Structure formats: structure tokens, C-alpha cells
Amino acid sequence: MSKAIIISNSNELVRVPAERVVYISSDGNYSTLVLHNETRLVFTMNLACFLKLLVQQLGTEAQMFIRVGKQLIINREYIYKINPNKQQLVLADMDLNHTFEFTPSREALRLLKEFLESELKEVKP
Amino acid sequence: MRDDEIQVLGISLEEQGTVVCHKRYFLRIAIWLVSIGGFILVLVLCWKITPVIKNVYQERLLVERVKEDVDTQNPLLIQDSQIAYQYYADNINDVPMHIYLLDNMEASLTMDSTIIDDQLHTRMMMVVLATDIREDNKKPVGDFVVNGEKIARGKSREGYCAIVHGRISIGRSENDDVMNYCIQEGGSFFREYPLVINGEICKNKIRGKRIRRALVQQEGNIYVIESENKESIYDFSEAIRDLGAKDAIYLPAGINYMLVKTDSIHQENNMPEYGGNFLVFKSRK
Numbered sequence: 001m002s003k004a005i006i007i008s009n010s011n012e013l014v015r016v017p018a019e020r021v022v023y024i025s026s027d028g029n030y031s032t033l034v035l036h037n038e039t040r041l042v043f044t045m046n047l048a049c050f051l052k053l054l055v056q057q058l059g060t061e062a063q064m065f066i067r068v069g070k071q072l073i074i075n076r077e078y079i080y081k082i083n084p085n086k087q088q089l090v091l092a093d094m095d096l097n098h099t100f101e102f103t104p105s106r107e108a109l110r111l112l113k114e115f116l117e118s119e120l121k122e123v124k125p
Numbered sequence: 001m002r003d004d005e006i007q008v009l010g011i012s013l014e015e016q017g018t019v020v021c022h023k024r025y026f027l028r029i030a031i032w033l034v035s036i037g038g039f040i041l042v043l044v045l046c047w048k049i050t051p052v053i054k055n056v057y058q059e060r061l062l063v064e065r066v067k068e069d070v071d072t073q074n075p076l077l078i079q080d081s082q083i084a085y086q087y088y089a090d091n092i093n094d095v096p097m098h099i100y101l102l103d104n105m106e107a108s109l110t111m112d113s114t115i116i117d118d119q120l121h122t123r124m125m126m127v128v129l130a131t132d133i134r135e136d137n138k139k140p141v142g143d144f145v146v147n148g149e150k151i152a153r154g155k156s157r158e159g160y161c162a163i164v165h166g167r168i169s170i171g172r173s174e175n176d177d178v179m180n181y182c183i184q185e186g187g188s189f190f191r192e193y194p195l196v197i198n199g200e201i202c203k204n205k206i207r208g209k210r211i212r213r214a215l216v217q218q219e220g221n222i223y224v225i226e227s228e229n230k231e232s233i234y235d236f237s238e239a240i241r242d243l244g245a246k247d248a249i250y251l252p253a254g255i256n257y258m259l260v261k262t263d264s265i266h267q268e269n270n271m272p273e274y275g276g277n278f279l280v281f282k283s284r285k
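Protein chains in written order, with our numbering: chain A, 1 to 125; chain B, 1 to 285.
Don't read these hints as lab results, they were simulated from the structure. A hint or two may mislead.
Unchecked claim - Have a look at the derived ranges for each label pair, beta carbon to beta carbon:
#, chain 1, residue 1, chain 2, residue 2, range
1, B, Asp3, A, Val14, 20 to 30 Å
2, B, Leu45, A, Ser118, 34 to 44 Å
3, B, Ile49, A, Lys121, 30 to 40 Å
4, B, Val34, A, Arg15, 48 to 58 Å
5, A, Leu13, B, Gly38, 56 to 66 Å
6, A, Asn83, B, Arg28, 19 to 29 Å
7, A, Met45, B, Leu45, 54 to 64 Å
8, A, Lys86, B, Val44, 36 to 46 Å
To be verified - From chain A, some residues computed to sit far from chain B (all C-beta separations above 12 Å):
#, residue
9, Asn11
10, Thr39
11, Arg40
12, Ile74
To be verified - The calculated EDC-like cross-link candidates involving lysine to aspartate or glutamate, where the alpha carbons are at most 20 Å apart (straight line), are:
#, chain 1, residue 1, chain 2, residue 2
13, B, Lys209, B, Asp94
14, A, Lys70, B, Asp4
15, A, Lys81, B, Asp235
16, A, Lys86, B, Asp3
17, B, Lys54, B, Asp177
18, B, Lys205, B, Asp235
19, A, Lys70, B, Asp3
20, A, Lys86, B, Asp4
21, A, Lys113, B, Asp3
22, B, Lys139, B, Glu158
23, A, Lys52, B, Asp3
24, B, Lys155, B, Asp177
25, A, Lys113, B, Asp4
Note that the coordinates shown come from a computational prediction; the quantities given were computed from them, not determined experimentally. A virtual CB, placed ideally from N, CA and C, is assigned to each residue, including glycine.
All chains should be built: construct the whole structure from the sequences, respecting the hints.
Shown next as C-alpha cells:
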């Protein structure tokens, strides 16, 4: 069972298991956390604050999240397809009813692809 | 964080994607540096090659000009006179000058001073020192060709006098094309400081005031002009330019050897102690 992320302000507290978070996107000072069931939670904090919060609460488990560019943090467990040439990033999972598609920069996608490939090589005996 | 970077949360930046990014930055910087270096290299090559191409083109034009000069130089102008040239005294810009018009002459270059001793040679009318002589090897300064044989080399002086079939062409050249043409035609060639080229005064390093002498080309005529008084090289060049000269090169003057033979004038200066090089004008008759 993975750790939960707790986001709290003066009015409310939200607690979600980290593995259920598909991605977090930002729009300036607002961040939207999207769960696997397409639930969208909007918070008044920018992505940098969200990033710190994740690292503080999850510790090493925060490695499941990867920031891609300035406006997106994704859960690597949901990565389904990366195509830098088509500038396409698709997040999906068997539990998801549909896919999430993004268009980050080609360079970021290429780096993400290389990073995941390098991890694959490390796992091999 | 930029749009083209990634960051894995929970581990230090150095351990993960940013390192990859940094590698990419280094690669980009390297590509930029190589591109800038290549661009600079291209600029340098253009800067170096363009003058070379320009020089080659201009040098070809010079060779054509020498051919034209040799073909179109005025023929026998003073048909009835025993004296094969005309002498004037003129004063341009307060520079008194002796002017010798040499159209009826056949020019040659020699290093044989014995030919000058033969003053009974009726055809020989004027002899001047062609160029300075080096202290070390007593050879002429700069490229020097006599009847197709190369005697000395050097390009410290850009002005030239090409002699082909007894006709003279004067100009400025940094390369060997004109000289090679002279060698090919069995002609002669020497270098001196350019004074006036294409009607423009040339800058020269010659300092002080001395008696000045020049070989001048103007509208198909060849002149030897000598200042009466000591003049700076610029004043002398300016006077020659104002006289209407198109091209002129310097000739050693002062106490240097000069033989002028006419009915009224017979002037002869010091013969060089060691072997000299002489520009000889003989009557065509």
C-alpha cells in the first residue's frame, strides 16, 4: 500500500493514495490533480509547491512522479506511450476507462524516453 | 525548470534527468561552438580567399595590359631627328623637372656595365640605374629578369617595369603573372616603388628630400622625369600626377648613374663601384 498524499488548507483536507494520482497539471497559481477515475481536484498552489509537498510526504516514493516541463507532473506508472516525434505522451492503465494525452516539448519527451530506457538497462542482469 | 526538461521527484537533481539535460546542454553548447567556429572559419576563408581571387583576376588584367601597352606604344614620333627623344624643362607645383620623352626608343635591361663604356655606340641615348642593389649579395632588389632569365627575386616593391620587344609597360603587381609573361616572351622585368598608378598617388615609405627620378607612362608615351632640386617623394609624385601621368615608378636618382646623350646635353653621373643594373634606351634608327 503506497503512502497517501494529504493536501490541506484552512477550509478542507484532501487525502488521496499516491498510486491513484495520474497527473498534476498547473495553470499559473492553480494546480489540478487528476485521479485514475478522472476526478479533478483544483488547488490554489503552483506546481513547484506541489512538487515540494510530494517530496516531503512521500520521500523516496516520490520517485514515481516525474515532472515533465513546467506545467506537468505525471505518475510514471501510468505512462503508456511516448512519441517525441509526434510530440505525444499518453497516460493509461488497465483500471482507467480512457487515456490522457499530452503534448509536452519534444526534447522533454525524448529525455523522458531516454530516462525510462536507462532504468530498463539498469534492471537487466 | 524549463519546458524541455524533466525531473524525477524524490532524488537529487544530479542523480537523474537533469544530468541528462546537462549532457544535452553541453552537446548543444558544443554544437553552437562548432557552428560559430565554422562560421568564423568560413568568414576567415572568404576574407583570405577573396583577395587572392581578386589578385589573380587583376593580375590577368595586368598581363593583358602589358600586351596592349607593348602593341600600342607610340611608334617613331621624331622621324627626321637624329636625336631620338625630346627634352623639356617644366615646373609643376613649384617642382622644376627635367622631362625626357622616349617614344622613339628601344628599351632594354642589362647588368653588363661594359656595354655602357661603349659610348661610341651611336644608338645608345640614355642609361639610368633601374633599381637599387642589395648590400649583401650585390643583386638587384626585388624580382629582376633580363632577356627571359630571372636574376633576382623579391616583392618588397610593388611597382614594376615590364619590357617586351623593347617596349615598356609600367604598373603595380604583387604577383608573378606579369613577370612570368616577360620570361615567356624573353623580355625583361624589374621592380621599384610605385609613385602613381592609374592616376592615383601611391603611398611610399621613402623619406627625406633628394633628387628624384621616375619612369613614367602616359597615353602610350614613356618618359624619364628627374627633379631639378631635392624633393620629398610625395611632392615629386604629386607633380608627376599633375603633369598628367597615368603610371609612374621610382628610379634610383641622386648620385646614381645616369647617362643622357644628345647634341645639346651630355650628362653622366657616377658609375656604381660594383655591378649595377641598367635601363638602357637606344634609338630605333
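Results of checking the hints against the structure:
1. In this structure, aspartate 3 (chain B) and valine 14 (chain A) meet the distance hint of 20 to 30 Å, their C-beta atoms being roughly 28 Å apart.
2. Between leucine 45 (chain B) and serine 118 (chain A), the C-beta spacing of about 42 Å keeps the proposed range 34 to 44 Å intact.
3. At roughly 49 Å, the beta carbons of isoleucine 49 (chain B) and lysine 121 (chain A) sit outside the given window of 30 to 40 Å.
4. Taken as a hint, the range 48 to 58 Å holds for the pair valine 34 (chain B) and arginine 15 (chain A), whose Cβ atoms sit roughly 53 Å apart.
5. Separated by about 60 Å at the C-beta atoms, leucine 13 (chain A) and glycine 38 (chain B) satisfy the suggested range of 56 to 66 Å.
6. Range check, asparagine 83 (chain A) to arginine 28 (chain B): Cβ separation about 22 Å, and the 19 to 29 Å hint holds.
7. For methionine 45 (chain A) paired with leucine 45 (chain B), a C-beta distance near 57 Å keeps the hint of 54 to 64 Å intact.
8. For lysine 86 (chain A) and valine 44 (chain B), the hinted distance range of 36 to 46 Å is satisfied, since their beta carbons lie about 42 Å from each other.
9. At roughly 27 Å from the closest C-beta of chain B, the C-beta of asparagine 11 (chain A) stays outside 12 Å, upholding its exclusion from the interface.
10. Chain B leaves threonine 39 (chain A) outside its interface by the beta-carbon criterion, the shortest separation being 21 Å against a cut-off of 12 Å.
11. Distance to chain B confirms arginine 40 (chain A) as a non-interface residue, since its nearest Cβ pair spans about 21 Å, more than 12 Å.
12. At roughly 10 Å, the least C-beta separation between isoleucine 74 (chain A) and chain B is not larger than 12 Å, which violates its mark as non-interface.
13. Our distance criterion of 20 Å between C-alpha atoms is met by lysine 209 (chain B) and aspartate 94 (chain B), whose separation comes to about 15 Å.
14. Taken as a hint, the lysine 70 (chain A) and aspartate 4 (chain B) pair is honoured in the structure, with Cα atoms around 8 Å apart against an allowance of 20 Å.
15. A threshold of 20 Å between alpha carbons decides the hint, and for lysine 81 (chain A) with aspartate 235 (chain B) the separation of about 85 Å lies outside it, so the pair is violated.
16. Distance restraint check for lysine 86 (chain A) and aspartate 3 (chain B): the Cα-Cα separation of roughly 16 Å lies within the 20 Å cut-off, and the hinted pair is therefore satisfied.
17. Taken as a hint, the lysine 54 (chain B) and aspartate 177 (chain B) pair is honoured in the structure, with Cα atoms around 13 Å apart against an allowance of 20 Å.
18. Proposed proximity of lysine 205 (chain B) and aspartate 235 (chain B) is supported: the alpha carbons are some 14 Å apart, at most 20 Å.
19. A threshold of 20 Å between alpha carbons decides the hint, and for lysine 70 (chain A) with aspartate 3 (chain B) the separation of about 5 Å falls inside it, so the pair holds.
20. The straight-line distance between the Cα atoms of lysine 86 (chain A) and aspartate 4 (chain B) is roughly 15 Å, inside the 20 Å bound, and the hint therefore holds.
21. The suggested pairing of lysine 113 (chain A) with aspartate 3 (chain B) holds, with an alpha-carbon distance near 15 Å, which does not exceed 20 Å.
22. Pair hint lysine 139 (chain B) plus glutamate 158 (chain B) holds up; C-alpha atoms about 18 Å apart against a cutoff of 20 Å.
23. In summary, the hint linking lysine 52 (chain A) to aspartate 3 (chain B) is supported, as the alpha carbons are separated by about 19 Å, within the 20 Å threshold.
24. With a C-alpha separation of about 13 Å, the suggested pairing of lysine 155 (chain B) with aspartate 177 (chain B) holds against the 20 Å cut-off.
25. With a C-alpha separation of about 13 Å, the suggested pair lysine 113 (chain A) and aspartate 4 (chain B) falls inside the 20 Å cut-off, and the hint holds.
When the structure is compared with the earlier hints, violations turn up for hints 3, 12, 15 and for no others.
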